[in-house]
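Residue numbers (my numbering), protein chains in the order written: chain A, 5 to 649; chain B, 5 to 649.
These are computed hints drawn from the structure, not numbers from a lab.
Predicted, not measured: the structure shown is a model, and the values here were computed from it.
Treat the hints with caution; some may be incorrect.
Same chains, same label: a pair holds when it works inside one copy or across any pair of copies.
[As the list claims (entries may be wrong)] The calculated DSS-like cross-link candidates involving lysine-lysine, where the alpha carbons are at most 27 angstroms apart (straight line), are:
#1 607 to 532
#2 607 to 495
#3 405 to 257
#4 181 to 293
#5 132 to 497
#6 71 to 15
#7 64 to 451
#8 567 to 264
#9 522 to 293
#10 620 to 599
#11 181 to 7
#12 264 to 607
#13 208 to 620
#14 621 to 95
#15 405 to 230
Protein chains: 2
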Amino acid sequence: MGKPLKQLNLKDIKITDELFGAYVGKVSEKIIPHQWKILNDQLEGAEATHCIENFRIAAKETQGERKGVVFQDTDLYKWLEAVAYCLASGKGKIYEDLADQVIDLIGRAQENDGYLNTYFTINAPDKKWTNLVEGHELYTSGHLMEAAVAYYEATGKEKLLIIAKKNADLICQVFGKTEEQIHGYPGHQEVELGLIKLYRITGKEKYLETANYFIRERGAKPNYFKREIETRGGYEFFPEFYDYDLEYSQAHKPPLQQTKAHGHAVRAMYMCTAMADLAQEYNDEEMQKACKKIWSNVVEKRMYITGGIGSSGFRERFTTDYDLPNRTNYSETCASIGLMMFGQRMASLFKDARYYDIVEKALYNTVIAGINIEGDRYFYVNPLEVIPEFCTEHTYMSHVKPVRQKWFSVACCPPNVARTLASLGQYIYAQDEEALYIHQFISSEAKAYIGGCSINIFMDSQLLQNGQVKINVEMSESKTIKIRIPSYAGKYKVLVDGESREDIVLNGYYSVELTEGKHELLICFSVKPRWIGANPRVQEDSGKVALVRGPIVYCLEEIDNIKLLSTVFVDLTNEIYLEESDKALIGNVPALTYKGIQIHNNKITDQLYGDIEFTKKEIKLKAVPYCLWNNRGQGEMLVWQKVRI
Amino acid sequence: MGKPLKQLNLKDIKITDELFGAYVGKVSEKIIPHQWKILNDQLEGAEATHCIENFRIAAKETQGERKGVVFQDTDLYKWLEAVAYCLASGKGKIYEDLADQVIDLIGRAQENDGYLNTYFTINAPDKKWTNLVEGHELYTSGHLMEAAVAYYEATGKEKLLIIAKKNADLICQVFGKTEEQIHGYPGHQEVELGLIKLYRITGKEKYLETANYFIRERGAKPNYFKREIETRGGYEFFPEFYDYDLEYSQAHKPPLQQTKAHGHAVRAMYMCTAMADLAQEYNDEEMQKACKKIWSNVVEKRMYITGGIGSSGFRERFTTDYDLPNRTNYSETCASIGLMMFGQRMASLFKDARYYDIVEKALYNTVIAGINIEGDRYFYVNPLEVIPEFCTEHTYMSHVKPVRQKWFSVACCPPNVARTLASLGQYIYAQDEEALYIHQFISSEAKAYIGGCSINIFMDSQLLQNGQVKINVEMSESKTIKIRIPSYAGKYKVLVDGESREDIVLNGYYSVELTEGKHELLICFSVKPRWIGANPRVQEDSGKVALVRGPIVYCLEEIDNIKLLSTVFVDLTNEIYLEESDKALIGNVPALTYKGIQIHNNKITDQLYGDIEFTKKEIKLKAVPYCLWNNRGQGEMLVWQKVRI
C-alpha cells in the first residue's frame, strides 16, 4: 500500500472559513481563558474543580483534601493540548507562560518512578493499578501523553514530553506479558493513542508494543476485568456501575474478534482509532480487517444521519443494529470526535477518501452542534428531535438538555471540541511522498512540503453556499493533488486553470498532476437540497425524511416554524427554496424553505384521547443547519420529518 | 354525600367470565403453588429467594445468613393475601394448612415489642427505622397488615391479625407528632393502606390517625428524608439511588399541596389510594380536592390509552404532562393496579361511576397484559410498541422485555396481579344503603345483602363479543340497581324485563328500581371498532391512531401481519371487520381486520441512508386485543398506527 498518509504541520495551516473560522477563533479567545479559570477555581458561581489544587497537593506544596472526579487531572492535560494547537497556529501566545508554569507543577506532582495521578498519589497510594475498570489511571496518562506530544510539536519544549515519557516508561514496565507484570488493560481506552503518538515522536518501540499489548490482551480469557471486579466485590468509584457489563468497555472478547461496535461509544472509538494506528504501524492485516468490520458496522448500521453514535441515552453507549431513536439517544459530541479520529486513521491507512465522508458528516453536524456560536455553551448529548418540556430530570430523559450547558466542572466534550477545532487542519489536508491530499472543503491557507516540493494552497470554499470550491496553488515543482469527491457531490465539474477535465475517481480521490507554478482548481459540486430516507429497519424513521444539502443536515426549529413540530408533514413533490441565513446565525449557510401540511384533530381539545376528524392546512416551513440549532433560544427541534404518503 | 360505597364480600362472588375466569382460575391452580415453591426455595433452576428461611432465622429456629432484598418478607405476605382471597372464593383450600403453619412462623419471627422485619431483626437490629428512604420497613408492615385483614375476612382466623395489630401498635407508638416519636414517613407508601384496613376491621382510631399522620407529615419542612440522607451520607441499599430525588417518593412537598403525579408510579398510586380512603374516613374536603387534582393530572395528561402509567423507563416513574413514549416507557403492571385501587376509592368516595372507566381501562389492557394465558409468565413493563431486537440489556431498553418473564425471585407484579385477580369481584360490584352498583361487565354470580334485602345476581356479559350484557336478578324486596354506563357506550339500550326504558344517567350511573322477584336486565352497548387519536401535545402519537372496541385496545402483532410494523399506514376510510378470535387466544374476543398500506423505499437496500422513491402496496391487517399480545411467541407489536393523511 505504500506509506500511509500523514497530516501537515498545524503551524502551516490557517483556517479562514466563514463557518469554521468563527468557531476556531473562539478556542483561543474564549475557551482557553475560560477553562483556565475553571482549572484554577477562579470562575465565579461555578463549583470548584480543584484540578490544579490537586496537583499542588500531590506535589506537597500545599495541604488539603484531593477533590473532584478520579480523572480530574485530564482537564488540565486537555487544556494543555488545546493550548499547544493554538500556539502551533500562532494563537493564544499569552498562555504559553501559564502553560510552562503549570507543566513545572505537573513535574513536581510526578512521583520518582514516573507515576502521575493526583487521585491515587494523594488518596490511595496503595491502590495504584488495582481498579483498572473504573480508576482511569491509564486514561489519564493517555491524555498526558497526547498533550506532551502536542506541546512539544508546537513549542519545541521538552519538559512535558520528559514527564510523559517517564510516565510511559513506568506503564511499559508495569503492564505486559511477563509474570511480574500486570496482565491488564485500561477501563477507558486512550493510553494506547498517547503511547502511539509518543512512539512516533521518540521512536521508542516499547511504547508501540505496550499499546499493541493493551489491545491484544483486552478481553482475553480469563477476563482480567471480571477477576478484578470479583476480587474487589463490586464497584468503587461509580455507583451507577452496579450492573457493569464487560461489553460496556469492549472487554467481552478480544478486539480482533469483535465485529460490531459495542458499549460506551467514546471508549469504542478511541479503541478503534488505536487499532487503526497499530494496523498501520505493524502492517497487521488481521488488525486491518477487524477495523474494517467495526467501521462498517458503525456506519452501515449504528450511526445517525448526523454522524452521531451511541444511541443509548443510558450509559452513553451503542445498542444494536438499526436501533436509532431520535429523542432519547446520547450521540455524545466526544463520540463523534472519536469517529472523526477513527475515520481519519482509516483513510490514512487505506488511502481511501470515502472514510472522510463520515468524518465530514460527524464534523459538520454533531461535532459543531456541540458548541454554541458564542463558544461558551456545550451539548454533550445530540438528539435529532427535542421537545424541551419533555427533558425532565431524574427520568429517562435526564441526559438530554434542551439548551447548551455552561461548562463548569466534570467535562469531556468542551475540551475535546476545543482541541478538535484548534487542530482542525489535520482533517483538511494530508500528504504522502507522492501527493497532497485535500479532504475537506473548508476555506484555509496551507503550506505543504513533499520531498523537495513546496506547495502553497489557498482554498476558498463556497461549498455550503453554492457548491463551488476554488483552490489556488503555487507549486515549486510538479506534483499530484488528490481531491476527495464526496458521496453527495452528484454531477460535479472540475476546471483546472479554466479548462474542464475529466478524470477517473479512484478510492474517492480525483487526481490532478500540476506543474511548477500557479494553478487554479475550480470544483463545482451539486448541492441541491435532497430528501433522504433511512433503511426500513430503522423503524424510528419509517415514513420520515431528512433534508440534507451537501454535508449539512437540516432541521426544523420552533423559532422559524411552530410548536408541535410532529404535527407537520412534508410533501416530497413540493419545491425547496434557498433563503438567506438568519443574521443571528453564522457561516452564511442558506436556510431552506418549503411548503408542508399541518394536521389538526377537531375532535380533541383538552382531553388526552378522543375521536378523529383530521383537517389539514398548508404551512410554510423553514429548515436551518442542524449544527446551528439552539442558537436563538430554547424551542423544539426536529430532523426527521413525517412524509405525506 | 351519604356513606361511601363498600364492596361486596368476596365469598359471595363467583367469576364465570370467559376471559377473566380463565385468569382467575390460574391463581389457585398455578400461581399460588408456584409461588409457594419460590418462597421455600424449592423451585428447580431458580435462584433461592430465602424468603421463608429468613423468617426461620429471625425466629432463631435455624442459623444462617439473611438473604434476599430488604423487602423480601413481602413476598410471603402477598402470597398469604392471595391465598386469603382464593379461600374466600372457595378455592385453594389445600393451602390453608400451609398458610396457618407459615403464619405461626411469622409470629415466632416477630419481636416482643411487635417489630417484624427479617432484614433488620437479623442483620441490623440497631438500625431499625433509620433508613426510611430505602429500608422498606413500613412498606413491609403494610403488606403484612393487608394480608392479615384478608386472611381474617376469608377464614375468621385471628392469628395473623393479632401479629399485624401488634406490629401496627408499635408503628403507632414509634411514629407521630410528639417529641419522643419519629417524625418520618415511609419511603414506599403502603403502610397507610394496611393501617386503614386494620382500622376498618378493628375500629381502633389510632391506626387511622397514624395513616393520616404519614400522609400529612410527608414532605413537610424541614424535609425528613433530606435530613436522613444527609445524616447517612448517601444511599445504603440501592446503588441506583445515588442521585435520589425527593420527587421520586412524592416527598418534595406535602401531598395536600401536590397537584400532579410525580415520581415512582406505584408509590404515587398507593399514596393517592390512601389519601382517598382518608378523605372518606375524615370527610376531609381538602384531601378530596388533592385527590381530584392528582387524579385529573394522571388521567388527563399522563396516562397511556391502555391505562398504563409511569412513562419513564428509568426509575419506573412519571415524567411530565403529555410525555408518553410508546417504546421506552415503564407502565408497570403494579402501577396500573395502583390506578385501579385509586379509581375504586375515588368512585366510592364520590359515587361517580366515571372513575370506573379508568379502572376498566387499566384492568382490561395493562393489568391483564401483565400475565400470560398459561399464568406462568409476567410483564412488569408494558410498552405500546415492541421491536424485540431492540430490547437490549444494559441500554436504555434494558427494562423492556420482548416476552413475558418467568417469575423467580424479586417480584412485585406477579403477586400483585394474583391478588388483584383473586379479588376481582371487588371491582365488579359495590353497594351502599340504597342500591347495588354494577361497575364492570364481567360474567359472574353474586349475592348482595342491603339492609333486609338480599339480591342474587347472574351476569352474562357478551360485552367483548357483541356488546350485550344480560343481568338476571332475584330481589327479596324492592331496591335500586345502579349500572355504570361506560364512556364508550355510545347509543346504548336498556331493556328491563323485555321493555325498553329511558332513564337519566347521573354520575355515570343508570338507575333502575326493581321490585321483589325475578328480573332480567338486558343492556346493549355499541361496540363498533373506533379509531382513537391522542391530544396533539402527545407528540409521540401525532399522525397516529389506535384501534379500540369497547374497553379493549387493539394492537398489531407480527405473527398476524408482518415484520417492520412501522412501515404500515392505515386509511381511516377503510372498513373494519370482526373476525373470529385465534384459537390460541382466550376469551373469544374477536380480532379486527382492515386494509392498510405498506410503504417501501426502492432506493434503499442495505445502506443506512439513501434517496427516496416510495412505493405503496395494500396489506391486510389483523389486530388483536393488546392484553393478549405475546401469547403466540416473540414478535413485533404496535398499538399506535400511522395514519395516511
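Up to 27 angstroms CA-CA - residue 599 versus residue 620, copy category: both (13 angstroms within a copy, 23 angstroms between copies)
Could you figure out if residue 522 and residue 293 sit no more than 27 angstroms apart (CA to CA) within one copy, between two copies, both or neither? neither (41 angstroms within a copy, 83 angstroms between copies)
Is it within, between, both or neither when you check residue 405 against residue 257 at 27 angstroms Cα-Cα? between (34 angstroms within a copy, 25 angstroms between copies)
With identical chains treated as interchangeable, where does the CA-CA distance between residue 208 and residue 620 reach 27 angstroms or less: within a copy, between copies, both, or neither? neither (69 angstroms within a copy, 62 angstroms between copies)
Please work out whether the CA atoms of residue 607 and residue 532 approach to 27 angstroms or closer within one copy, between two copies, in both situations, or in neither? The answer is between: 18 angstroms across copies meets 27 angstroms, while 40 angstroms in one copy does not.
Evaluate residue 181 and residue 7 at a C-alpha cut-off of 27 angstroms and name the case that applies: within, between, both or neither. neither (30 angstroms within a copy, 81 angstroms between copies)
Indicate which option fits the pair residue 181, residue 293 if close means a Cα-Cα distance not exceeding 27 angstroms: within, between, both or neither. Classified as within: same-chain Cα gap 24 angstroms, cross-chain 71 angstroms, threshold 27 angstroms.
27 angstroms Cα threshold - placement of residue 495 relative to residue 607: Classified as between; 18 angstroms across copies, 49 angstroms inside a copy.
For the identical chains here, do residue 71 and residue 15 meet the 27 angstroms Cα criterion within one copy, between copies, both, or neither? Result: close neither inside a copy nor across copies, 37 angstroms intra and 64 angstroms inter.
One pair to classify: residue 64 and residue 451, alpha carbons no more than 27 angstroms apart. Within, between, both, or neither? neither (46 angstroms within a copy, 84 angstroms between copies)
How would you label the pair residue 405, residue 230 (within, between, both, or neither) given a Cα cut-off of 27 angstroms? Classified as between: cross-chain Cα gap 26 angstroms, same-chain 34 angstroms, threshold 27 angstroms.
Using 27 angstroms as the alpha-carbon threshold, which applies to residue 567 and residue 264: within, between, both, or neither? Between copies only: 23 angstroms across chains, 39 angstroms inside a chain, cut-off 27 angstroms.
Hint check: violations occur at hints 5, 6, 7, 9, 11, 13, 14; the rest are consistent with the structure.
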